[in-house]
Structure formats: C-alpha cells, structure tokens
Amino acid sequence: MTVLAVLALAAGTYAIRLAGPLLRDRITLPDRARELMSIAATVLLVALIATSSLTRGAHFAGFALPIGVAVGGLAAWRRAPFVLVVVLAAAVTAGLRFAGVS
Amino acid sequence: MRSTWRTPDPALLRDVLAIAASVAVSGASFGAIAVGSGEPWWIPSLMSVVVFAGGAQFMAVGIVAAGGSPVAAVLAGLLLNLRFLPFGLAVGEVLGRSPVGKLVGSHLLTDETVAFALAQREPARARTAFWLCGGTLFVAWNAGVVGGTLVGRSIGDPAVFGLDAAFPAALLALVLPALRDRPTLRAALVGAVVALATTPFVPAGVPVLLGLVGMLALRLPVPVRR
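Heads up: the sequence lines are chains A and B, in that order. Numbering-wise (this note's numbering), the first sequence opens with residue -13 and increments by one. Numbering-wise (this note's numbering), the second sequence opens with residue 6 and increments by one.
Hints may be right or wrong, so weigh each one.
What the hints assert, rightly or not - Derived Cβ-Cβ restraints for the label pairs, each shown as a range:
(1) B/Glu127 x A/Leu(-10): 40 to 48 Å
(2) B/Leu181 x A/His45: 36 to 44 Å
(3) B/Leu225 x A/Leu(-10): 22 to 30 Å
(4) B/Arg185 x A/Leu70: 18 to 26 Å
(5) B/Ala71 x A/Gly81: 24 to 32 Å
Unchecked claim - A short, non-exhaustive set of chain B residues, derived as facing chain A with CB atoms under 7 Å:
(6) Ala120
(7) Val151
(8) Leu155
(9) Gly157
(10) Gly196
(11) Gly216
To be verified - Over the 10 Å line for every Cβ pair with chain A, so calculated as not near, a few chain B residues:
(12) Pro13
(13) Asp14
(14) Gly72
(15) Leu90
(16) Lys107
(17) Thr141
(18) Val144
(19) Asn147
(20) Gly152
(21) Ala183
(22) Leu215
(23) Pro226
Since the hints were derived computationally from the structure, they do not count as laboratory data. This one's a predicted model, so the numbers in the text were calculated from it and none came from an experiment. Cβ atoms here follow ideal geometry from the backbone N, Cα and C, with glycine treated the same way.
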C-alpha cells in the first residue's frame, strides 16, 4: 500500500461515515422514518452476519465457521452472557478445525 | 442534550471488553499479515488509525499483496465501507449535537459500535454504549496492530483460534433483541438470503448492501397463521 492509497481509503471512509450523521442533522424525520432507519441497520447487520459466517470471498466458508456462529447464536438466544457467546463461537469453530472439519 | 450520559454499568463494560479482546487479536493478525506481505512496519499502524475499518483494511492489503493496484484496493475498501452511510443515518443521534462529537464519533462508526448502540433501549444508554465501545475498540484495534507488526508472522492465522466466528456471533447476540419484532425479522431474513445469493456474482461489500432489498418484506401482507 502506498501512503497515498492509505490516505485515499481513509478520506473516503471518513466521508462515508460522516455523511449519515450530517444528513440526519439537516432533515427532521418523522417517527416512522426513524424506525425504518433502525430496521434498515438491523437488516444490514444480519446480512453482514450471514455473509461473514457462510462465505469466504465468493465461496462457501466450510462448516466449522457457520456451526461455531450458530452455537454462539443459540447461546445468545438462550440468554447466555455475551462473553460466553463470543468465546463459545470461537472455541467451537477452532475445535472443529482442530478436529479436521474445514 | 449534553446531560444524557449514563455511567456505564459493569455488564456493558464486560461485554465491550469481551469484543475488544477479540478485536485486539484480529488487529494483531492484521499487523502480522500486512508486515508479512511486505509492507513497511508503519503502514499497518497508520492505516489502522486513519481508516479504522478492519474488513476494508484486510481486503486492501490482500489485494495489493496479490498483485492488485492500489487504486483497486482503495475502491474495494470503499465499497466494503459504504454500509457505514446507512449506519450513520440510523444511529447518527448517539453522536450528540456538538460538531466535535460528530467529527470524532463518525470515525468510530463500525459494525460493532452500531450494533451496541442499537441494542440499547434508552437513548442515554445507547450513547454511553456507542462511545464506550468506540473508544475501547479504537484502542484495542490499534494496540493489537502494533503488537502484530512487532511479533510478525509467528502469530499465524487467526482462523486457527476461531476468531472469524467471534465477530458474526457477537453481532448476532447484539441484534437478537431487535429481531424479536416480527416484521424486522422477516426483512432481515429476506435480506440475508439476498446477500448470500448474490455473493458469488458481485464484488465484496455489495451483497450486504443488496440485503436492503429485505426492507421490501416489511410491506408484504402478514400471514394469518404461522
């Protein structure tokens, strides 16, 4: 990476990040619109969770990763502490890989 | 508006520290991978301070390491980060009213900070969660990267520790409460399917944005029985 490339990525990323809060300031949104925004953020997060647990690049990520995430998700659903959720997911995935499951 | 700040409770602090630990190890692997692929020692650190977006950083360094041009690396990283725009629209309020708060807080918009803020019911708690999480993760990520560049390749592949599962699982735990709302759940599931189905065909970062199509599911008639 050249310094110029790093700075370009930084400037672009910052502009993207700043745009939301600034736009939000300029316009007063009705309650329903605000509710829709936060639903949209949840939808984006779930899409991110799905792609980052099931795919690597353009391919299937293998079984170890989604199984670990699913076990963590199940623990979260049963209201396990957050720390346990994170550790369980990593441990299950690492364990499966150690056992030879990709 | 400035009085709405809550002292962070121990539970919130503990959750933030849990995710900070995994972010620090990811940062260390980023530093190690970047230096290992031939970058000078200061590039990963500079990048981590000014870009502060793990996914885009891994991707940009990976593209250059694979022989891609810096321009391609920058464009791919920006595409991946485009989701921060809707995120900023959704949680913009937690940054507060002051211009300084907005300028600094915007840099701390990440998947984790947004998820932490959204998971809180009251605005005051959301604000505390956002700033606590953002500040802690910024320190953890950058400290991890410095450590990784120093230790170098001996850290190895973070996948061995299953850290790639920690990130989605943490986000999942944070969004679960919001998914108890049926229409939100429906929109999110449709969005996830769209994102997964389009992943093989479009550049990284685009599938997640296409997941917004799931918002249309909010308009679907609700089945009478389920």
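To see whether the hints hold, each was checked on the structure:
1. Here the CB-CB span from B/Glu127 to A/Leu(-10) is close to 44 Å, well matched to the stated 40 to 48 Å.
2. Range check, B/Leu181 to A/His45: about 28 Å between beta-carbon atoms, so the 36 to 44 Å window is missed.
3. Distance hint for B/Leu225 and A/Leu(-10): a CB-CB separation of about 47 Å, inconsistent with the stated range 22 to 30 Å.
4. At roughly 20 Å, the beta carbons of B/Arg185 and A/Leu70 sit within the given window of 18 to 26 Å.
5. About 30 Å separates the C-beta atoms of B/Ala71 and A/Gly81, a value consistent with the hinted range of 24 to 32 Å.
6. A least Cβ separation of about 6 Å between B/Ala120 and chain A falls short of the 7 Å threshold, and the interface hint therefore holds.
7. The closest approach between the C-beta of B/Val151 and any C-beta of chain A is roughly 16 Å, which is over the 7 Å cut-off, so the hint fails.
8. The interface hint given for B/Leu155 is violated, since its Cβ lies 19 Å from the closest Cβ of chain A, which is over the 7 Å cut-off.
9. The restraint placing B/Gly157 at the interface with chain A is violated, with a minimum CB-CB distance near 18 Å, outside the 7 Å limit.
10. The interface hint given for B/Gly196 is met, as the beta carbon of that residue sits about 4 Å from the closest beta carbon of chain A, less than 7 Å.
11. At about 3 Å, the closest approach between the beta carbon of B/Gly216 and any beta carbon in chain A falls short of 7 Å, and the interface hint on this residue holds.
12. No beta-carbon of chain A comes within 10 Å of the beta-carbon of B/Pro13; the shortest separation is about 14 Å.
13. The Cβ of B/Asp14 sits about 13 Å from the closest Cβ of chain A, beyond the 10 Å cut-off, so the non-interface label holds.
14. Distance check on B/Gly72: its Cβ is at least 13 Å (rounded) from any Cβ of chain A, clearing the 10 Å threshold; non-interface status holds.
15. For B/Leu90, the requirement that its beta carbon stay farther than 10 Å from each beta carbon of chain A is not met, with the minimum near 5 Å.
16. For B/Lys107, the non-interface assignment is contradicted: its Cβ lies about 5 Å from the closest Cβ of chain A, within the 10 Å cut-off.
17. Chain A leaves B/Thr141 outside its interface by the beta-carbon criterion, the shortest separation being 14 Å against a cut-off of 10 Å.
18. B/Val144, annotated as away from the interface, keeps every beta carbon of chain A farther than 10 Å; the closest lies near 18 Å.
19. Its beta-carbon lying about 14 Å from the closest one in chain A, B/Asn147 satisfies the requirement of being farther than 10 Å from that chain.
20. No beta-carbon of chain A is positioned within 10 Å of the beta-carbon of B/Gly152; the least distance is around 19 Å.
21. Interface exclusion of B/Ala183 from chain A breaks down, the closest Cβ pair being 5 Å apart, not more than 10 Å.
22. Interface exclusion of B/Leu215 from chain A breaks down, the closest Cβ pair being 8 Å apart, not more than 10 Å.
23. Every beta carbon of chain A lies more than 10 Å from that of B/Pro226, the smallest distance being close to 18 Å; the non-interface claim holds.
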